[in-house]
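Q: Chains as they are written, first to last, in my numbering: chain S, 8 to 499; chain C, 170 to 334.
To be clear, the hints were calculated from the coordinates, so they are not data collected in a lab.
Values in this document were obtained by computation on a predicted structure and should not be read as measured data.
Heads up, a few of these hints could be off.
Here are some chain S residues the structure puts well away from chain C; computed CB gaps all over 10 Å [claimed, not checked]:
(1) 86
(2) 109
(3) 125
(4) 128
(5) 338
(6) 361
(7) 405
(8) 427
(9) 447
What follows is a list of derived Cβ distance ranges for each label pair [to be verified]:
(10) C:318 - S:84: 41 to 51 Å
(11) S:100 - C:278: 29 to 39 Å
(12) C:179 - S:60: 45 to 55 Å
(13) S:255 - C:280: 24 to 34 Å
(14) C:277 - S:262: 50 to 60 Å
(15) C:264 - S:68: 25 to 35 Å
(16) C:320 - S:152: 24 to 34 Å
(17) C:188 - S:68: 48 to 58 Å
Beta carbons are placed, not taken as given, at the ideal position from N, Cα and C, and that holds for glycine.
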Amino acid sequence: MIRPIRRLLIANRGEIACRIIETARKLGIATVAVQHRLDHKAPHAILADEVMEIEGETPVGAYLDSSQLVRAAIQKGCDAIHPGYGFLSENASFALAVREAGLIFVGPGAETIRLMGDKITARDFAVRHDVPVSPSVMADGDLSRFATDASRIGFPLLIKAAAGGGGKGMSIVRSLDDLIERAALAAGEAGRYFGDNRIYAERYVERPRHIEVQIVGDGKGNVIHLGDRECSIQRRFQKIIEEAPSVNLPDNLRAAMIDSALRLASAACYENVGTVEFIVAPDGAYYFLEMNTRLQVEHRVTEMVCGLDIVAIQLAIASGDGLPDQGSIQFKGSAIECRICAENPDRDFMPETGRVLGIVHPRQPWSIFDSGLSEGQVIGTNFDPMLAKLVTHGASRAEAVERMTQAIRCTTILGVVTNLDYLGRIIEHPGFLAGDLHTGFLVEHAPSLAPHALGAQELIDILIAAAMSNPGLQRLIDDVPEPYALAGGWRN
Amino acid sequence: MPTVMHMDGQEHQLEIVARRPELVLRVDGALHIVRPITRGFQLNLIEVDGRQVRFHAASEGAVVHVRCDGRSHRVAIHDPRDARGMVRAAGDEIVAEMPGTLVAIVKAQGEEVVAGDVVVTIESMKLLMNLSAPRAGRIARIAVELNQTFDKGAILVMLEPAVET
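Bound conformation, chain C alone:
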């Protein structure tokens, strides 16, 4: 069973095809030969299909933070032994990262959004902040009522599940 990875709201699959004589990984269906060269936080160097790839990375629970080619990424890696469907696709909801109050609803339930569309405005730490959709989809529910307060970690907006392919 392949390992499921999530990045920027997209799902990817990775599978170890062979370890010897070379490490071969299948990523989203295509095979890649990978050769680790240097490992360590200060420098990670690997070869992917003969190309050198330099990056910094740190792992925290299921999330790997990667900085590569001047860009930072967060990749969630799910244990393949978890039953499929137990893990909700990343980016299905907007979660409050701090307590606050919902002060405006820009996109209502049922409306279509594209990634980056402002969905709601919250006031938190005395600052107004627009919260945008993590991916394209349809708003399933605005989970907090207007002018209601919420705690850190509260789900504010839910998107309808992405269509399975």
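Just chain S, with the same shape it has in the complex:
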């Protein structure tokens, strides 16, 4: 049954809200943005056809208030809600509430979200459908028994929160003593962060790669794929550089992983776009990690290599259209994405705050700069530190990397400390260029990724550049007649 979407509420903010509005506009769909007052006049609110103010005890709370969002959609006459990523995008109750209100939820069914949202049920489901998972043990409250069982798998182990995501509550343990202590810490962190203190331990693969498959399903068991992405460059278990296709991945391994992803999604009668994530061991073994039942931050790299608009596919499927034809999808070249975050890599990725004083970014046919930033905007710690995404495409990986180097040099966000320079150093690192990637890459290469000490000439250039940009000094240099300057005490 076709249910055309005419007016879409975007239950999100920042770059992804802007991204979704851009496609909706191309498709002739009217858009309604929501904004907390801290986001007043934020680009996503300006870009949308209409804006609805939302309230909450905290700014994040407003974007997590599912009944308020559903009410807003009804009040504005919307027929669908797109959740974006983060916030309520993987919240089964929200998906259900949207549908019960008679609206279209742009995403999978609530049951699918629930199935895949719990790491334990998702793993069991993968096992039932012959998708490889790594050996694991679940904690049932008795942490000492958990430690004994877990140590039988063999060290090193990875401790994770059952309800987790984003690396929170995760740690690697290498001995039994360590295990008991870390398990208690992880359960505590999981409880505080997810309101669910269940944890489990699984075999930790040394030098693992993180590779994922983008799939699209019609909800009737038909599933296609849009290729794979490599997301091995992570800090604190969170991705910061992604690329498509994965680098140096043998064809048979790629084919096996894609086949696993398709079978898993088909068995779940998956509807809309989703991502099946795998850990790949150096010996070529791969294990199901989790399935993300939403649009990914890194969907842009897939779009660039297959020439499709994934948000448009999401909207088409949500309104009842069929899947694109697998045979018609062609993969061209290579694409890389860098996540620009308000954080200081030289101080342990400490989140940074400040006011955005200026933004400059490349405008090339082979680059995309996705951001929800505007000049004058205050970056606080209320929201995720990701400010923007920079994406480049090339005929080969080498060209995509070369273009990324160039793009980073042409990009400036002034006023807030960001990881932009750090991203540049990763992209230019010989290990990255060689494609020798694994999730511990940034820790392994930390010394060679640190900023080099400034040379004497560089230092002079920067100090003079700063002096020439300081209004007080500029005035003294430009306007003040010599005797006046003397009187002002500028000379000894």
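Mind docking chain C on chain S? Use the hints.
A: Okay, now just chain C, sitting in the frame of chain S:
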């Protein structure tokens, strides 16, 4: 009196020596001829001793944010009319940039640190974060007790003042 600038915990001095016929600046004791070419946020171009230097910059209060040669820098420029000593050398302390709880003290009072050494661990926004020393020195004081909460802007760690040269 020269203008005092701070970058990466180091102090620098800059003085306008001449404006005409050429702008001459003395930076940390050495003279440099500077010729402004283009000014504007999209492109700043100056010549320093005949070399072209391209950069982006924006000024906010006493701080100038500069991006030059693929690197970003924060330079604090103090008004020369401020009495010396009124402005504490940048990087003497670790200040909380958000509210949180002190959960671990890695370096105690009196210990020597080098720049980047983890000094304390805090929990903020439900994330554990290591805070490191902004420069080399000796820990003068850990200003917050273990497991105590603090507000944004609180001084957590103080380093002994850098030795004046």
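Q: Of all the hints given earlier, name the ones this structure violates by number, lowest first.
A: The structure conflicts with hints 6, 8, 11, 13 and 16, although it agrees with all the remaining ones.
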